[in-house]
Amino acid sequence: MKQAAVTTAILAALVSGSSLAATVYSADGTELRIGGRVEFRGDFIGDKGAEIDGTMKDSTRARLNVRGSTQVADDLRGFAFYEAEQNTGTSEFKNRYMYAGFATNVGDISFGKQDMAAVQISNLTDTTEFSGIQQYITSASDKTDSVIAYRGQFDALNLQATYAANSKDNADLYGISGLYSLPIGLDLGAAYSAGDNGVGKGKQNQWLLGVGYKLDALSLGATYSFGDNDDKVNSEFNALELAAAYKLNKQMTLKGVYGKSEDKISGNKTDSADFFELAAYYQFNSALRSYISYKLNNLDDVVVNGVETQSEDTLRFGLRYDF
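To convert, take the position in the sequence shown, counting from 1, and add 374; that gives my numbering.
A few of these clues could be false.
Stated by the list, open to error - Here are the simulated DSS-like pairs of lysine-lysine, each with C-alpha atoms no more than 27 Å apart in a straight line:
| hint | residue 1 | residue 2 |
| --- | --- | --- |
| 1 | K634 | K517 |
| 2 | K487 | K577 |
| 3 | K487 | K517 |
| 4 | K487 | K422 |
The hints are simulated quantities; they were obtained by calculation from the structure and are not laboratory data.
Assemble the whole structure, with the sequences as input and the hints as a guide.
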């Protein structure tokens with residue numbers, strides 16, 4: 375296993391930052407890179423299922439990230455990554471990722487705010503603006519605090535194990551996952567995530583299965599999960615997400631996603647998500663892209679004071695610059 379290549383691949387999988395990051399320092403085995411993005415996102419019709427009173431909900435955001443690495447020995451390298459995000463209308467940056475670790479010939483070990491192990495499986499279908507419903511419980515989510523992670527690439531198999539140590543009693547989380555990539559373009563993955571919900575509460579857990587396939591310009595993905603939100607109160611869930619993408623040419627890509635999730639509490643079932651999404655992305659060059667996405671929301675109508683609160687569709691227009 376080649377240490378430098380594996381470390382680069384794992385860092386790229388962990389974050390959604392730009393590949394255009396600029397190297398601002400490189401000497402004596404130590405490197406520092408800075409990157410980020412500015413992204414306009416305008417939502418029309420609805421916002422997270424709720425009706426927009428005016429014309430548009432502005433969800434513009436900016437991200438800034440810094441990554442560093444240093445060669446300690448022939449088979450040992452240190453690395454760190456930090457990324458912050460600022461949303462429109464706010465003056466503060468919110469911490470997204472913040473971790474440091476060691477890269478070795480048998481895998482990487484890192485400490486800090488980072489993704490839990492299941493994310494590499496849920497990413498098989500988390501490909502558009504409104505996808506990502508498989509991050510159903512905290513122990514299967516990205517950007518989790520106080521995580522100790524092991525991530526290793528062994529030929530075609532990527533193994534990950536994570537443990538989130540919480541300062542509160544009975545609130546630790548853990549997860550394990552594996553993703554196997556066959557040479558025919560087929561990816562097969564599975565993950566198990568679990569943890570405690572806090573003092574006096576039950577436990578959470580999730581089994582997640584995923585498959586991905588890529589053939590020339592076509593990419594397909596499917597994920598399915600089930601588990602407990604809280605086993606003490608018999609709160610269960612299941613979730614299905616399907617994704618497809620087709621690259622028309624160098625600039626244009628079409629994507630579609632279907633997502634449906636269901637909560638079951640003491641035998642009573644309720645849909646928590648039910649949608650179709652169609653999106654088109656246009657890449658002007660390596661730094662600039664635009665997109666338009668329509669989310670068809672199939673949840674039941676819930677009207678409060680004459681305003682729809684959960685079943686409204688969303689039309690999003692975006693323009694993103696990476697640096």
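A quick look at each hint next to the structure:
1. Taking the CA atoms of K634 and K517, the gap is near 23 Å; set against the 27 Å cutoff, the hint holds.
2. Between K487 and K577 the alpha-carbon distance is near 22 Å, which keeps this suggested pair within the 27 Å criterion.
3. With a CA separation close to 6 Å, the supplied pair K487 and K517 stays within the 27 Å bound.
4. Between K487 and K422 the CA atoms are separated by roughly 26 Å; this keeps the pair inside 27 Å, and the hint holds.
Checked against the numbered hints above, the structure breaks none of them.
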